[in-house]
Amino acid sequence: MTLPLIIYRSLRQHALSTFITAGSIALACGLLMTVWMVKTQSQTAFTQTNAGFDAVLGARGSKLQLVLNAIFHLEASSGNLAYADYEAIKRHPAVKVAIPIAVGDNVRGFRLVGTVPELFETVEYAPGKKYVLGPGGKIFTPDAKEAVAGSFAAERLGLKVGDTFHPFHGLAFDANNQHPDVYTLTGILAPTNTPADRVVWIPLKGLQTMSGHDARAATDVSAVLIQLRSPSAGFMLDMMYNKQGNRLTLAYPVGAIIADLFSKISWFDQVLALVAYLVALVAAGSVLASIYNSMSARQRDLAILRALGARRRTIFGAVVAEAAVIGALGAVAGYAVYFGLLLGVANVIRVQTGVVIDVAARLPILWICPLGMIGLCALGGVVPALKAYRTPVAETLAPLS
Amino acid sequence: MLAVTDLKKSFVSPDGERVDIVSVPSFALAPGEQVALRGESGSGKTTFLHMIAGILAADSGRVALDCAEMTSLSEARRDRLRAEKLGYIFQTFNLLQGYTVLENVVLGMSFGPRGADKAHAKEVLERMGLGHRLDHFPRQLSTGQQQRVAVARALANRPKLVLADEPTGNLDRKHAGEALKLIREVCHEEGAALLLVSHDELVLGQFEARKDFAEINQAMKGAPR
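Note that the protein sequences, when read in sequence, are chains A and B.
Quick note on the working numbering: the first sequence kicks off at 1 and runs consecutively.
Quick note on the working numbering: the second sequence kicks off at 1001 and runs consecutively.
It is possible that part of the hints are untrue.
What the hints assert, rightly or not - Partner residues aside, some chain A positions facing chain B, computed with beta carbon under 10 angstroms:
hint : residue
1    : T2
2    : K243
3    : L305
4    : L308
5    : R312
To be verified - Stretch by stretch, here's where chain A covers chain B in the computed footprint (C-beta under 8 angstroms, at least three residues):
hint : region
6    : 1049-1057
7    : 1066-1080
8    : 1087-1095
9    : 1100-1111
Derived from the structure by calculation, the hints contain no laboratory data.
Even glycine gets a Cβ: it sits at the ideal position worked out from N, Cα and C.
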């Protein structure tokens, strides 16, 4: 009980500095774990988000823009492609499913996407998962001014089945750009935790022929979402559209294109990680400074312990262990910081992109970071421990007579 | 029990000169014997006790404690020997202020070979009349009570030798007399030898065996008092 008692009493005696130091460690530990988890989990979530499609066909341009526009509903369209191009790829023997989409309008900031009912009837947006309509809902009729809303969009727009709304021109909401057309909501999709939750879906024809749109583009589509019969088909189509052709772009495979984006911004991760490491070092330094600064006040106690028979190594161990305990307290509190931050960041990502990151994932960083922090703090305790180790007993206890 | 031979210690003064503080050719104490050493301030008596306790290394000479030669041991062995065989009562008590009365005594025991024996620590504190103050902190006690905690801590480990450095220096006459009686009684009960240093004639007067440290310590012979 000697060592735990010495550590406990010392922590109690220096409760304020213990609290502040453990707090800074909690912040460092929480930040490190959050940065790491957000980085890895968002990368995983984004690269695995493909809405159930292997490839996207669009106008000649950036593959990334095409994927962001058609799968994540984030970017502007890189241009249109003719309906004949859609029909051609749909008939291609290597293609299992081809779903056309058209974009260009919004409902008070939420993207309006024109498509075909087949998307909701046959496509699995994730393995084994098809789109499901909420109670009383039905898919829109291709020729009617009807709509189906994603769960998040419906919630934020306050829409329920049977409500009507006006679309607005453009991808960004401008109240002056209201279309006169009136659409009726026929269904609300159950949450899918994909970008589709942030979209209001209408018939392809509805978006193509929206009043005010260019009549010459009334049959064009913005992109075609493609499911392939085999992976080798993707390379064949890639050759056909991207290397031999010069009019259209095939973005394939979807996940690799997003992974490429993450690798391009990996420097940003590295900067974040560097900041987190620095914060961890500063926290360990604060343990060192906090214990070291209290050494003068502790020296008498340490000398008394030595006079009672405590060995130098016991005193050394007690100070290092105390630093480790401060680290452990901080690491435990760090989990609270971590969960708080992660939930906040995950919510922002979900609101902004519709992508849901797994906050319950158990990655090695969740034990490596706290253990590393405890080790770092123990290391920070070595310097004051050496000072404690060298405490001159006779001189500290009483003036020599 | 205790045999000191040719024990010497000097320090370097601020002007760079080496000054002899302790030079004791011979000093001995039998088991259970109680001896008082008379010594003025600055006579080197605390340094002498520190060297006997092994918390200060001597320049030369030997200290043999219960057949173990303290001066030839490594520091770690000296620490162990001190924890096992010695009890030290300081003038300023040197209680650990952040620890309760019971913890002060238990911690003192924990470095010895018998380990922390809470029941015995309580027993000793009750013997000192502090059974109702076990969970108090030293600052919550009177000076006399703090002195009794210091005595309990020194005796709880059943030492062979108790060193007491001006143990009543911070007490009034009434409490000093009581404390001294208690120390002597408990040492007698436990069979521990007692070496007490003081400059207070009333304290020294209570001992049958009294010695003048100035006569034992050759370094101070001829020095102004």
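Against the structure, the hints come out as follows:
Given hint, A/T2 at the interface with chain B, holds; its Cβ is 4 angstroms from that chain's nearest Cβ, closer than 10 angstroms. Checking A/K243 against chain B by beta carbon gives a least distance of about 77 angstroms; that is not within 10 angstroms, so the hint is violated. With a least beta-carbon distance of about 7 angstroms to chain B, the hint placing A/L305 at the interface is held under the 10 angstroms criterion. Restraint check, A/L308 versus chain B: the minimum CB separation of about 5 angstroms is within 10 angstroms; hint holds.
For A/R312, the suggested interface contact is upheld, since its CB lies about 7 angstroms from the closest CB of chain B, less than 10 angstroms. For the region 1049-1057 of chain B, the proposed coverage by chain A is satisfied: 4 residues have a C-beta within less than 8 angstroms of a C-beta in that chain, meeting the threshold of three. Here the region 1066-1080 of chain B counts 4 residues with a CB under 8 angstroms from a CB of chain A, which clears the bar of 3, and the coverage holds. Counting residues of the region 1087-1095 of chain B whose beta carbon lies closer than 8 angstroms to any beta carbon of chain A gives 6, which meets the minimum of three for the stated coverage.
Coverage of a stretch by a chain is defined here by at least three residues with a beta carbon nearer than 8 angstroms to that chain's beta carbons; for the region 1100-1111 of chain B and chain A the count is 6, and the condition holds.
This entry does not satisfy hint 2, going by the numbered hints stated previously; all others are met.
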